[in-house]
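Based on the sequences and whatever the hints tell you, model everything.
Going by this note's numbering, the sequence shown runs without a break in its numbering and finishes at 200.
Careful: at least some of the hints might be erroneous.
[To be verified] Here are the simulated DSS-like pairs of lysine-lysine, each with C-alpha atoms no more than 27 Å apart in a straight line:
1) K144 <-> K180
2) K120 <-> K180
3) K144 <-> K123
4) K189 <-> K123
5) K144 <-> K120
6) K144 <-> K189
7) K180 <-> K123
8) K189 <-> K120
Please keep in mind that the hints were generated in silico from the structure rather than gathered at the bench.
The structure displayed is predicted, hence computed values, not measured ones.
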Amino acid sequence: MTAEPPYQNQYGQNPYEAAPPPLPELAFWWERLLARLIDGIILGVVVRIIITPIITGLFPAASFLGLLVSAILGFVIYGAYEYFQITRDGQTLGKKLLKIRITTVGAGVQGGLDSETALKRTAVLWGPQLLTFNALLTFIGGIFSLVNVLSQFWDKPLRQCLHDKVANTVVVRMPH
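In structure tokens form, the structure reads like this:
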């Protein structure tokens, strides 16, 4: 006959199971902003170098088709920059300089994000770029982008932007 423990775990959990790792310290809003500004400068230069000759050489000034092609190319460049870096190590160049990284909620500091998570996050973050071929749509996309990044100020306790919420990610500070 085997000895039964004097009590059962009332919640049905394994009492020997390790607790999930604690969430690293969340990045401050200004660290996220500065990292995004650095990325924006890098991307702005790259996009101008690539798109300007294509658009000015192929389309009349400010034509609908030229603006549409510009919006699509911009989205592809911005999206690729973000996606490939965050799947590799969870950091864009700006985030590396600020020593912050993107991670999934509850995962601790890890390597890159999985493809699905990175795709969701990138699509919500850079999707409004696709609307920049039309003035009204640019305005609507701009309002969405503003609400997206400002949402970290009222999101408690994880300070997530909308693109973080969709992908279940947070931006954390790297251990020193």
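Hints versus structure:
no. : hint          : verdict
1   : K144 <-> K180 : 21 Å, holds
2   : K120 <-> K180 : 25 Å, holds
3   : K144 <-> K123 : 23 Å, holds
4   : K189 <-> K123 : 22 Å, holds
5   : K144 <-> K120 : 21 Å, holds
6   : K144 <-> K189 : 10 Å, holds
7   : K180 <-> K123 : 22 Å, holds
8   : K189 <-> K120 : 22 Å, holds
The structure fails none of the hints (numbered hints given earlier).
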